[in-house]
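Chemist: Protein chains in written order, with the numbering used here: chain A, 1 to 281; chain B, 282 to 586; chain C, 587 to 919.
Do not rely on the hints blindly, as some may be mistaken.
To be clear about the criterion: a stretch of chain A counts as covered by chain B if any three or more of its residues have a C-beta under 8 Å from a C-beta of chain B, and this derived list gives those stretches [what the hints assert, rightly or not]:
no.: 1; region: 77–88
no.: 2; region: 150–164
no.: 3; region: 263–272
Stretch-level coverage of chain B by chain A, calculated; a stretch enters the list once three of its residues show a Cβ under 8 Å from a Cβ in chain A [unchecked claim]:
no.: 4; region: 450–457
no.: 5; region: 483–491
These aren't lab readings, by the way, just hints derived from the structure by calculation.
The C-beta atom is built at its ideal place from N, Cα and C for all residues, glycine as well.
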Amino acid sequence: MKAIETINLSHTYPDGTKAIENINFSVEKGKNIAILGPNGAGKSTLLHHFNGLLMPTSGKVNVLGKEVNKQNLDEIRQKVGLVFQDPDDQLFARTVALDVAFGPTNLKLSKAEIEQRVNWALEVTDLKGLENKSPSNLSGGQKRRASIAGVLAMKPEIIILDEPMSNLDPKTSSKVLKLLMQLNKELGLTLIIATHDVDLVPLFADEICILNKGQILMQGPPQEIFSQADLIRSVDLRLPRITHLFEILNKEDSLRGDKQYPLTIGEARREILELMENKKE
Amino acid sequence: MFEWLQGDPVNGMLMTLGFFIFLIIGRNLKLRQINKREKNAQTQATDHDLPSADAPKTGSALHRLDARVKFICAITAVFGAVALTRSEYAVIPIIVCVVLAVYAHASLKGYFKRLLYPTYVAIVVAVVQLFVGTHVVATIPYLGWNIYMEGITFAILIFARVLAAASILNLLITVTPMETLLDSLAWFRVPSVILDTTMLMYRYISVVSDERARIYKAQQSRCGYTKSVSVFRKLGNYGTVGGMLLVKSFDRALKVGDAMVSRGYTGTSSLFSYTTKKMEKKDIAIGVLVVLAVVALLLADLGII
Amino acid sequence: MHIADGILTWQWSIAWYIVAIFFVAIGARKIAQTRKANPAYMSILALMGAAVFVISVWHIPVPVTGSSSHPNGTALSAIIIGPLATAAISGIVLFFQVFLGHGGITSLGANLISLGVVGGFIGIGVYLLLKKLGASVWLAAGVAGFVGDLATYASTALQLAISLNPGSIGQHWEIYMLGYLPTQIPLAILEFAFTAAAVQYIQIHRPEILTWWKGLPTTPRTPAHASKPVELKSSNRKDHKIDKFTKYALVTMAVILAIMLVLTYVGVNVFGGQMGGTDTSVASGSSLLIHYSRVDQYIAFTIGGAAGGLIVGYLLPTVLGQLSKRTEEKQNV
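Kindly generate the complete structure, drawing on both the sequences and the hints.
Modeler: Structural data, given as C-alpha cells:
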C-alpha cells in the first residue's frame, strides 16, 4: 500500500514563486525514504503538503489512499506527523510534558489516554525525568528528541522530518538516527526525511528521492542513485565521502573493476578486506 | 570648629550618616567608572533574567511553599501595606521581609538593588508632598517655598508604604520561580486566551532575547557602537536591531503556527490543558495565618486593636 | 513610566484595576475571535509580544543624561499587533516586569492604563493620522513613539495627582510632570529614534508585518527561511562581596554614631545637660525625637555631609592610586 502518493503536484506561492512543479512522488508503507536536495529545492514546501499545511495549487496528494482535502485535515494530521527543522519552533509549551500532550489534547482524547501516550512517547525517546523541564533549558539533542516525542504521541503512521540531524554534534546526531531507525523497524512507521547530509543517507534510507528546482530528478534505492555521480554533482550535491574515495581509487589507480561502489563504511570495509585477500593470493 | 555640636545632636548624626554613605557611594561611582573604561562594555549581560525554575534552588521552606499561597499572601500583604495610615507600622513588613530574605539565602545585593527603582519613583512624589498642607514648619531660603507639617508626615508615610510594598514583592520574587507561579495561574481562573498568550510569550522570551543578543553582537563586531559613531546613528542601529528582531520573530511565529496546526490545533479551544495540583493543608494554614496577620496589622493601624 | 506599589491610595488602585480589566477583556475577546479565524494568530501574537517585551527591558544608553533607559515599546507594539491586542499583551508584559522589579502589583491596573491603553491608542492614532497626511512611515512611527511616550508620562502624572492631591489636581499634575521631566524627555527621544528605525527596517524588509493585524485571517505565506539554531545560555551569577573599604567605612560610621548616641544620652540623662543648645526641647526629652521645626537644619547638614562624602569618595581612588604608584616608583628606584 502506498503511504503517500502525489499526482502532478504543483504549488505556487502568492508572490508568484513556483516552489514545486509536477511532482509525482510515492512511498510504500513501512519504508524509510530520504529526500535529498540543495538549499531552496522546495523540500519544505513538498513536506508541508503531506501534512495538509499547504494545499496544492494543482494536482493532488493521497495519504494512505485518501485524497487530502479540507474536510479530512484532522485525520490526515493525526496520521502524518511533521517534525520541524528548528526544535524551538515546535516546542512552544511551558514544559516538555505539556508540549508532548499538545497533539493528543487536540485529538480530544480522555485524560488517562493522554497521560498514557505522553508517558509512552517520553519513554521511547528516552526523555523520562525531563517532563517538567522548560524546553529552553534542554540541550540540542534533547530538544530534537522532545519534538519527535511530541509527534509520536499522536500515534501517527507516517513521520516527516525536516533536517533531523542538522546542528547536532556527531554523537547526538547518531543517537537521533538510532532512534529513527528504531521507530522505523520496531514500530513500522514510514519515515520521510529531508536532508542534505549525503554521508548519512545510505545508512538509513531504503530509497532516495532527489529534488532540484521544484522537480524530482530521480528516485530509487541508494545504490542506483549514487551510481549516477555526474547527475548528482550537477544539482550541487555530492557522493558520500567513502564512495568518492572508491571512485578515485577506481579512476586514478584503477584498483577495481566496474563493481558497485560501496556507500557506507561497513560495505567499504568488506570491500577492502576482499581486495587485500585477493592480493595475498 | 565644633559649633554644630552645640545645636542638636541629630545634626551631627545625620551629617555622619550622610558623609559615610555618600563616601561609599562616591567611591563606588569612581570605581565603576574605572572598571567600565577597562572593560569597555565588552560583555552585555542578559537583561531578561526572569527567575527560572531550573536555576539552582536553595531549598528553604519558603521556596517550597505553594506558589499560589505565596502569591495570595503577597497580594494581601501589598494591599495591606498600601492601606496603612501610620508610617511606624510599615517598619514591621520591611523588617520581616529582610529577615525572611536572609532566611531564604537570597542575594541581599539583588534584594536592595530592586528597591532602587521604587525609591526613585517615590522620591519625586514625596518631595512634592512636602509642600502641601496648612502648618508651616520651615521655609526654603531664597525660594520662599513653605514646608508643611502634614506634608512631611504624608511624605514619610508614602515612603514607608512604598518601601514596605516593594519589600514584600521583592521577597515574593526572590523565593518564587516565575514558572511555578505561571503553572498555578490557571487556578486563579485567568481566561484561557490570556493564559495561552502568557505561556507562549514566556517560552519565547528567552529565545528572542538570545536572538537580540546575537544581532547586537553582530553589529558590535562591525563597530556599530564605537565612539566614532554619532549618537543618532547609534540610536538608529539600536532601532535596526529592534526591527530585525521583530522580522525574525515574525518568521519564527509563522513556523510555530505551522507546528501548532500540523499537530491538529484548530483555534477553537485553548492551546494547552492546564492541570493544577491540590494545595497541601499545611500551606493553606500558613496562608491563612499570613492573611490574618495582615488584617491584624491593618486593624492595629486603624486603632481598633 | 511605571508607578510603584504604595504610591497610589488603595481605593484608586482598585478603581484603575477595574478600568484595566475592562480593556484587557475587550482585547482578550478580540484575540479569541481572531484565533478562531486563524489558529496561527496565537503564535504571531505571542512572538511579537515576546519581542516587544525583550525590547522593553533592553537597557539602551541615552545620550543626553548619560544614564540608560528602556524604551516602552507600546507605540511599536500598537503598530505591529494592533491597539486592542496591545492592551492585553501589556497586561502580561507588566506582570512579567513586576518580577524584574518594575512597577507593582497594586499599581498594575494604573500602569496598564497609562502604558498599554493611553500609550498604545494615542501611538497608533498618531501613526495612522500622520500616514494619512502623507508622512513617510519612519517619521510617522517615530512621532507615534514620541507622542505615545509623552502621553504615557502625562497620564501617569495625572494618575498621581488624582490619587494623592485630589484638592488641586491641575496644579499638581504640572508639578509631577516637571518632577519626572529629566528622565522622561530623553526617554521620549530614545523612543522616537528607536521606533522610527525599527519600523523603517520592517518597512524595507517585510512590509506585510505592519499591516497583517488589519488583514486577518489571511497571513502572508512565504517560503520559510532557514533559521539558525539557538544555543543554550548558561546562567552564571557572579557572587558579590562587600569589599574591604565599604566594610571599614560602615564600621567606622556605626562606631561614630554609637559614640554620639551614647554621649547624647549621657549628656541629657545623666548630667541633665543641655548640650549647649538654647532649645530646651532637646534637653527636656529623654529620648531623641525628630523635631519638625528643625527639618531645614537637618536637611542642610545631611546634604553638607553627603556632598563632602561624595567628593572625598569620588577623589579617593585616584588619590590612593597615585600614592601607591609613587611608593612603587620609590621602591623601584
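Chemist: Take the hints in turn and mark each one as holding or not.
Modeler: Consistency of the hints with the structure:
1. Counting residues of the region 77–88 of chain A whose beta-carbon sits less than 8 Å from any beta-carbon of chain B gives 7, enough to reach three: the coverage restraint holds.
2. Figure legend: the region 150–164 of chain A, annotated as covered by chain B; annotation consistent (3 residues with Cβ-Cβ distances under 8 Å, at least 3 required).
3. For the region 263–272 of chain A, the proposed coverage by chain B is not satisfied: 0 residues have a C-beta within less than 8 Å of a C-beta in that chain, short of the threshold of three.
4. Proximity of the region 450–457 of chain B to chain A, defined as three or more residues with a beta carbon under 8 Å from a beta carbon of that chain, is not established by the 0 residues found.
5. Check on the region 483–491 of chain B: 5 of its residues sit with their Cβ under 8 Å from a Cβ of chain A, so the three-residue criterion for coverage holds.
In this structure, the hints that do not hold are numbers 3 and 4, in rising order.
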